[in-house]
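K.L.:
Start from the sequences, fold in the hints, and give me the full structure.
Residue numbers (the numbering used here), protein chains in the order written: chain A, 11 to 427; chain B, 11 to 427.
Among the hints, a few may not be true.
Note: identical chains are not told apart, hence a pair may lie in one copy or across any two.
As a list, the in silico BS3-like pairs of lysine-lysine whose alpha-carbon atoms are at most 27 Å apart [said to hold, decoys possible]:
1. K409 / K263
2. K291 / K316
3. K229 / K297
4. K409 / K316
5. K240 / K263
6. K111 / K316
7. K263 / K297
8. K414 / K14
9. K263 / K369
10. K92 / K237
11. K263 / K291
12. K291 / K92
Hint data in this document are derived by calculation from the structure and do not stem from the laboratory. These figures come from a predicted structure and were not determined experimentally.
Number of protein chains: 2
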Amino acid sequence: MTAKNAFYAQSGGVTAVINASACGVIEAVRRHPGRIANVYAGRNGIIGALTEDLIDTNQESDVDIAALRHTPSGAFGSCRYKLKGLDANKREYERLIEVFKAHNIGYFFYNGGGDSADTCFKVSQLSETMGYPVQAIHVPKTVDNDLPITDNCPGFGSVAKYIATSTLEASFDVHSMAKTSTKIFVIEVMGRHAGWIAAAGALVADHNIPVITLFPEIKFDQDAFLKAVKNNVENYGYSTVVVSEGCRRPNGKFLAEQGLKDAFGHAQLGGAAPVVANMIKQALGYKYHWAVADYLQRAARHLASKTDVDQAYAVGQKAVELALAGHNSVMPTVVRTSSRPYIWEIGHAPLSQVANVEKFMPRDFITSDGYGITNLCREYLYPLIEGEDYPPFERGMPKYTTLKNIAVPRKLEEFSL
Amino acid sequence: MTAKNAFYAQSGGVTAVINASACGVIEAVRRHPGRIANVYAGRNGIIGALTEDLIDTNQESDVDIAALRHTPSGAFGSCRYKLKGLDANKREYERLIEVFKAHNIGYFFYNGGGDSADTCFKVSQLSETMGYPVQAIHVPKTVDNDLPITDNCPGFGSVAKYIATSTLEASFDVHSMAKTSTKIFVIEVMGRHAGWIAAAGALVADHNIPVITLFPEIKFDQDAFLKAVKNNVENYGYSTVVVSEGCRRPNGKFLAEQGLKDAFGHAQLGGAAPVVANMIKQALGYKYHWAVADYLQRAARHLASKTDVDQAYAVGQKAVELALAGHNSVMPTVVRTSSRPYIWEIGHAPLSQVANVEKFMPRDFITSDGYGITNLCREYLYPLIEGEDYPPFERGMPKYTTLKNIAVPRKLEEFSL
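P.N.:
And the structure:
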């Protein structure tokens with residue numbers, strides 16, 4: 011029997027370490043010659059499968075594949091594209107099978123977050139629903155850290171380390187300036203509906219920084235918040251504020267939605283940080299600075315957590331091992347067996363329990379006033395940001411790799427999305 | 011004759027390496043026992059001198075002083091406070107002399123940018139104008155890199171390295187996402203009226219990133235800009251935009267000034283990045299992300315340039331040597347003697363030629379279309395971002411020092427600012 015090929019794709023928002031998972035998948039396949047013939051990567055995620063735009067990873071050298079481990083972003087391109095259900099869009103599933111057949115693909119490794127787990131789950135059912143045998147393994151990835159079952163999600167530890175460090179550094183800065191100038195520093199962080207990244211900013215409290223953190227899990231109370239800010243400034247001379255992009259007012263609207271209009275009457279979308287900063291200025295008169303780190307935080311491979319890089323690699327490698335052991339419809343998970351010392355291993359969970367479930371901050375990870383984190387949360391977070399894993403530098407800048415990304419020759423007709 | 015004391019203070023916006031200059035000053039003094047008795051640091055800059063709020067740096071251990079070299083921000087506090095001219099405010103100069111006399115201060119080391127150089131220059135004239143003998147040396151510091159004479163300013167190299175790296179990382183990210191999602195990434199950078207920091211972002215062009223840079227030195231032309239963005243997206247699938255906070259429209263208004271009103275009719279100040287991003291969205295329809303790094307960029311000691319750290323230390327050390335050699339009213343400067351290989355030494359310049367002069371990007375450092383940098387500029391920039399100098403980490407975060415900052419007992423009446 012000829013060994014089958016594997017399809018690998020990156021999906022959704024990319025991270026500082028998703029390429030480390032790609033590296034884990036490809037290196038694991040290369041370590042088992044004859045078991046899986048080749049890894050075909052989808053150019054731009056599942057789109058690459060649907061349009062038969064496959065990248066021949068065999069054409070990449072071992073050195074370049076190894077360099078993926080320290081290169082942020084998605085080396086093969088990612089996409090935001092969620093497969094509809096089989097009933098709603100049978101055409102796409104038929105196309106997938108057509109492409110899989112044409113390229114002898116028997117393994118489907120999908121590297122993404124919650125939405126992608128759903129796509130991967132649907133593909134894992136193709137054997138049952140459409141009679142095409144394929145083993146689908148979901149490789150977890152999301153800076154939002156909101157996947158269930160796994161103790162944490164690859165991608166999160168690095169953004170957490172970046173936000174903890176950046177919030178610390180900027181807080182030192184505003185502390186220096188506070189006597190005659192800036193008294194408030196607001197940093198807006200990612201995380202969608204979950205406050206995990208914001209919680210990492212709250213770690214600066216352990217460095218004597220007066221910090222107030224606004225979590226999406228806690229309903230925003232403007233009066234209480236302003237009181238807490240005033241209290242910090244009166245006691246410490248300044249305050250740092252970490253605000254999650256997913257923070258909402260009691261009426262359900264995001265803080266960033268302010269009904270702003272520009273000169274032409276167009277609605278203007280800003281971030282939550284300037285909104286919070288202006289709110290403080292108007293109520294309390296304090297001079298402020300604000301930052302929106304946006305992509306900087308999730309792309310910051312230069313400050314990756316070593317724990318995170320190791321785990322991202324490990325889940326990629328484990329995905330291949332699970333496939334070779336005959337598994338389908340599963341996701342490798344990070345299992346924490348001890349916090350002090352931190353010990354982890356890779357387990358796995360059925361995709362049916364992962365798809366479309368979001369994991370939020372537990373209430374007992376947030377202090378009773380809603381503005382800080384508890385020791386339980388600290389114990390959870392610290393191991394995840396532990397360790398540095400610097401990329402190589404050349405001429406003062408990180409030396410990241412760009413693959414050749416040579417296409418596999420097409421065998422089929424075109425397909426319109 | 012009893013050795014005199016020195017006064018040292020930090021002024022204006024702080025940087026990732028201004029404490030390395032403080033370290034250079036204090037360690038140089040400690041290396042010359044008997045020549046300068048003690049370094050008294052002003053708590054919050056010149057305010058500390060006026061209010062007789064002096065910090066006794068002799069109470070700090072050698073280990074803590076050495077740790078300043080890897081600690082961002084201003085360890086003694088900074089201020090935004092410019093001394094008026096002697097005619098306009100004789101009272102403050104008399105007070106300074108009173109404090110200097112009371113604490114036997116014969117040396118004045120002032121660590122700041124252009125405005126601070128002016129203050130330092132005025133103090134350096136006290137001997138002539140008020141009959142009090144003091145040697146005033148200005149220690150250069152500004153992320154804006156806009157001081158004259160010196161080849162570059164300590165603080166700039168590190169922010170340049172941070173912006174070059176962050177722009178590279180975020181560009182890799184948007185490149186991954188561009189097929190089905192974000193096509194435009196806009197990053198706003200500091201620099202006041204000078205485009206030096208923006209130029210560092212433009213370095214990503216050397217990594218095959220389609221980048222458009224908006225310099226304050228170049229009048230903003232909206233139509234030409236949008237055409238350039240469209241061109242990038244059509245040819246590369248995406249575009250990175252680096253916009254300097256000091257960028258202005260042809261009418262002289264900052265890009266950030268959009269006449270936005272919130273629900274209550276209050277003027278809303280955003281950054282230039284969201285303005286540029288929205289402009290692109292409205293004209294071309296491309297999905298965007300934007301970041302405003304703000305303090306994150308100038309506080310990012312975790313990614314400091316080794317060249318910058320070394321030079322920041324060296325100008326501090328040199329200030330003491332110049333003082334001991336009898337100089338007054340001078341500033342140590344970085345002198346570049348060769349670009350390839352990069353060789354530098356510390357010289358000095360008269361403060362009269364430094365104060366209140368801003369150095370902008372020369373036109374021949376910017377490409378003819380106004381959106382990129384020339385090889386001349388590259389040759390200037392690369393050596394300044396060269397080398398990594400990571401701080402120690404503990405529990406996943408940088409281990410920065412906080413000094414004891416014990417006050418020198420007061421001898422005088424209170425003084426109101």
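K.L.:
Which of the listed hints are not met by the structure?
P.N.:
Failing hints, ascending: 1, 2, 6, 10.
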